[in-house]
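Colleague: For the sequence shown, position 8 matches number 8 in my numbering, and the numbering has no gaps at all.
There could be a bad hint or two in this list.
[Stated by the list, open to error] Think about it this way: if two alpha-carbon atoms lie no more than 25 angstroms apart in a straight line, the pair counts; the simulated PhoX-like pairs of lysine-lysine are:
(1) K4 x K20
(2) K32 x K20
(3) K4 x K32
(4) K9 x K32
(5) K20 x K9
If you are wondering where the hints come from, they were derived from the structure by calculation, not from laboratory data.
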Amino acid sequence: MLVKEQSGKFCIHNPAQNYKIIFASDNYEAAKMWLLEDEYERLNNRILQQDSD
């Protein structure tokens, strides 16, 4: 799962590993290329993370 963190970094989380960050980058293109190199498939659904106060 590719997520833009509040810090501005683009992180790839692995749901099979309790959403552990397996890759992080300062830009979207680098994260996208990492996913493409590993032959991941894009899902068209989005999950919006809400801040809990």
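Colleague: None of the hints should be skipped; say for each whether it holds.
Modeller: To see whether the hints hold, each was checked on the structure:
no. : hint      : result
1   : K4 x K20  : holds, 14 angstroms
2   : K32 x K20 : holds, 17 angstroms
3   : K4 x K32  : holds, 12 angstroms
4   : K9 x K32  : holds, 13 angstroms
5   : K20 x K9  : holds, 15 angstroms
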